[in-house]
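Residue numbers (this note's numbering), protein chains in the order written: chain P, 1 to 344; chain H, 1 to 344.
Just so you know, the hints here were simulated from the structure itself, not pulled from any lab data.
Honestly, I wouldn't trust all of these hints.
Interface residues of chain P toward chain H, partial, derived using beta-carbon atoms under 8 Å [said to hold, decoys possible]: (1) 55; (2) 98; (3) 120.
Mimicking DSS-like on lysine-lysine, the simulated pairs with C-alpha atoms at most 25 Å apart in a straight line are [claimed, not checked]: (4) H/120 - P/120; (5) P/28 - H/120; (6) P/120 - P/64.
For every residue, glycine included, the Cβ atom is placed at its ideal position computed from N, Cα and C.
There are 2 protein chains.
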Amino acid sequence: MKKKLLISDIAKQLNISITTVSFILNGKAKEKRISDSLTARVLKLVEEVNYKPNQLAQSLRTGKTKTIGLMVEDISNTFFANIARLIEEKAYKAGYKIIYCSTEDDTAKTRDLISMFRDKHVDGYIITPPPGVEEDIKELIAEGLPVVLLDRTLPGLPTNFVGVDNRMGSYSATEHLIGQGYKKIALVTTESGQSQMLQRLEGYEQAMAHHQLAPKLLKIPFRVTTEDMIPKIMAFLDDLRQRDDLDAVLFATNYLALRGLEAIDKLELRVPADVGVVGFDDHDIFRLYKPSVTAVAQPTEAIADQVINMMLDQLDTDDRKQATTTQTAVLPTSLIVRNSTTRR
Amino acid sequence: MKKKLLISDIAKQLNISITTVSFILNGKAKEKRISDSLTARVLKLVEEVNYKPNQLAQSLRTGKTKTIGLMVEDISNTFFANIARLIEEKAYKAGYKIIYCSTEDDTAKTRDLISMFRDKHVDGYIITPPPGVEEDIKELIAEGLPVVLLDRTLPGLPTNFVGVDNRMGSYSATEHLIGQGYKKIALVTTESGQSQMLQRLEGYEQAMAHHQLAPKLLKIPFRVTTEDMIPKIMAFLDDLRQRDDLDAVLFATNYLALRGLEAIDKLELRVPADVGVVGFDDHDIFRLYKPSVTAVAQPTEAIADQVINMMLDQLDTDDRKQATTTQTAVLPTSLIVRNSTTRR
DNA sequence: TCGGTATGCTAAAATGATTTAGCATACCTG
DNA sequence: CAGGTATGCTAAATCATTTTAGCATACCGA
Numbered sequence: 001m002k003k004k005l006l007i008s009d010i011a012k013q014l015n016i017s018i019t020t021v022s023f024i025l026n027g028k029a030k031e032k033r034i035s036d037s038l039t040a041r042v043l044k045l046v047e048e049v050n051y052k053p054n055q056l057a058q059s060l061r062t063g064k065t066k067t068i069g070l071m072v073e074d075i076s077n078t079f080f081a082n083i084a085r086l087i088e089e090k091a092y093k094a095g096y097k098i099i100y101c102s103t104e105d106d107t108a109k110t111r112d113l114i115s116m117f118r119d120k121h122v123d124g125y126i127i128t129p130p131p132g133v134e135e136d137i138k139e140l141i142a143e144g145l146p147v148v149l150l151d152r153t154l155p156g157l158p159t160n161f162v163g164v165d166n167r168m169g170s171y172s173a174t175e176h177l178i179g180q181g182y183k184k185i186a187l188v189t190t191e192s193g194q195s196q197m198l199q200r201l202e203g204y205e206q207a208m209a210h211h212q213l214a215p216k217l218l219k220i221p222f223r224v225t226t227e228d229m230i231p232k233i234m235a236f237l238d239d240l241r242q243r244d245d246l247d248a249v250l251f252a253t254n255y256l257a258l259r260g261l262e263a264i265d266k267l268e269l270r271v272p273a274d275v276g277v278v279g280f281d282d283h284d285i286f287r288l289y290k291p292s293v294t295a296v297a298q299p300t301e302a303i304a305d306q307v308i309n310m311m312l313d314q315l316d317t318d319d320r321k322q323a324t325t326t327q328t329a330v331l332p333t334s335l336i337v338r339n340s341t342t343r344r
Numbered sequence: 001m002k003k004k005l006l007i008s009d010i011a012k013q014l015n016i017s018i019t020t021v022s023f024i025l026n027g028k029a030k031e032k033r034i035s036d037s038l039t040a041r042v043l044k045l046v047e048e049v050n051y052k053p054n055q056l057a058q059s060l061r062t063g064k065t066k067t068i069g070l071m072v073e074d075i076s077n078t079f080f081a082n083i084a085r086l087i088e089e090k091a092y093k094a095g096y097k098i099i100y101c102s103t104e105d106d107t108a109k110t111r112d113l114i115s116m117f118r119d120k121h122v123d124g125y126i127i128t129p130p131p132g133v134e135e136d137i138k139e140l141i142a143e144g145l146p147v148v149l150l151d152r153t154l155p156g157l158p159t160n161f162v163g164v165d166n167r168m169g170s171y172s173a174t175e176h177l178i179g180q181g182y183k184k185i186a187l188v189t190t191e192s193g194q195s196q197m198l199q200r201l202e203g204y205e206q207a208m209a210h211h212q213l214a215p216k217l218l219k220i221p222f223r224v225t226t227e228d229m230i231p232k233i234m235a236f237l238d239d240l241r242q243r244d245d246l247d248a249v250l251f252a253t254n255y256l257a258l259r260g261l262e263a264i265d266k267l268e269l270r271v272p273a274d275v276g277v278v279g280f281d282d283h284d285i286f287r288l289y290k291p292s293v294t295a296v297a298q299p300t301e302a303i304a305d306q307v308i309n310m311m312l313d314q315l316d317t318d319d320r321k322q323a324t325t326t327q328t329a330v331l332p333t334s335l336i337v338r339n340s341t342t343r344r
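Make a model of the complete structure from these sequences and hints.
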């Protein structure tokens, strides 16, 4: 097994000091007045023998690991998987690697993960925060570590944030339904206090209020399994239906919409004739489903762009003026109108 | 900002040497004959002040980073996203973090990524290899680094591998179609030479041959965009249809099946009356689609289990006897019969 | 009383880089 | 020709651990 090359090997071969080699490799040749000819010789040799500095040693000395921690609610959810893919790509281009994990929106697990990431000295944190981690995040910020929150914020936490205009998204989705002649519109959401979910609720309620329509809510508790979800939704819809009080549903997340479609199917309701359907967050399935499903789409690529830009921004900035400015990007959603809301 | 605690702080406070603290923290107290009382005092203080060793320094000294590199073709593909989620979970339980990236099945990119992972000194490699990285992987193995290939193998590479019985999967899918009375069965696959794709092709061809039926193939070139894929599939199916030579299709991957369903939809063919449809690799959509789509399901959880077990196995083993034994797990697929192949 | 060994701990090297402080030498200026 | 400055480089400290080699002291048996 070939021995790994050290910086001292390079220095020895050229009969110069380690310091000089280090300066040259770190682009400080000019600044440190190393002659051009020596610089060239060093770079040539380094190239020839394919010397690569030991990143662990570098990290120990500099405190930088060129690694970003990415914590999403669930990496297997298409929305997050797509974001993760884009973030990864852009991060690699900037020389950063990504360590990821899924929080499952579990406070204790997330706190643990944050602490593990710290132990590993990641340079920056991208987080979709569960409730109850405010203090941990504040600590990160207090220590001058770059943090970008994604998808949802936490109250009272002045931090860089990237998300969409959820209120507007569900407002316009509701307006769209109303415009199509639907009046008895229900919202199926989760019980969570996550900011983005509250905003989606707010948008729906505002649109309904604006038209003097009565809101109808189903809030699914958080840790309900997929199987239990469908009967719950069925019961809710069926009940409204019995009272002739339902002609459309807005689902507040893509997985709720998937379960919802199954529920609607089992109740043998026709879409869009019996009920109109809109999902928040687009999904491959919505294009393909018959009838295709109208959805509030989030601009995945733009989100990922903003996130990584904010992160790189902070990573580039000198640590001093870190906490001074916080950026916030609230991106617009777009309503993709498909057949599930088109009455004929 | 509170100063980070060092091992020397612990030593100083108790008036003992750093060495002793280190031994105790690394569970070598007994072995090194440190008295129980001192051991207890050290552990107590460590607990009280919440001292945590600097992992960078540990890694530099030991050469272990407690990090596993995961390279999949595309982290945003549901199949890989699900696997990634499970692997992450199990890895964390064993104290390992995951760095991931998407190879896009691009040789040059992957070689680059492998080299980056090496620079970062990951302890183990989980890879879905694109063609042309045989040498790089051989090098990893030669250096005694744990490697587990996932989903596909490379010819002439004796390595730990986890995948499914692809040949059997598509064989039985084809048999199923034939059992339902379909005879003019086409296979839509990719042009790639990836082992798993070749096996799926082989299974199909064997089943067809076994019943003296003529195979009909469409091989989609690799870097075709989603939009270009649909017209290609349409043309292929339509052509066969014109010649009255099509009554069922087997799609060799889940994304091909998705595009395929769109194509079938546009051609206004009815499923399963005009064409039966089977997908390789299950997908949420297949349950929900009308009619629901029969699929060859891969046992995601079992795959992830095997992968992480093989990996941890190697990581635990002393480096010496590393390369001696290689494990291979070929898991069975299961055919989930749904409406898309049920003629009435 | 002396050699052997068990006990309980530690000094110092090693891991592989970056960075601070500074040393010669040459050159220039007045 | 003294004194200052620019040039071109380097010795040694530093980052925070782990690990090797070994040092006192006490005790025991012969």
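Results for each hint:
Checking residue 55 of chain P against chain H: minimum C-beta separation of about 5 Å stays under 8 Å; hint holds. Taken as an interface hint, residue 98 of chain P checks out: its beta carbon lies about 7 Å from the nearest beta carbon of chain H, inside 8 Å. The beta carbon of residue 120 of chain P is positioned within 8 Å of a beta carbon in chain H (closest approach about 6 Å), and the interface hint is therefore held. About 12 Å separates the Cα atoms of residue 120 of chain H and residue 120 of chain P, which keeps this hinted pair within 25 Å; it holds.
Using a Cα cut-off of 25 Å, the hinted pair residue 28 of chain P and residue 120 of chain H holds, with the two alpha carbons roughly 23 Å apart. Restraint check for residue 120 of chain P and residue 64 of chain P: the C-alpha separation of about 10 Å stays at or below 25 Å, so the hint holds.
Going through the hint list in order, the structure satisfies each hint without exception.
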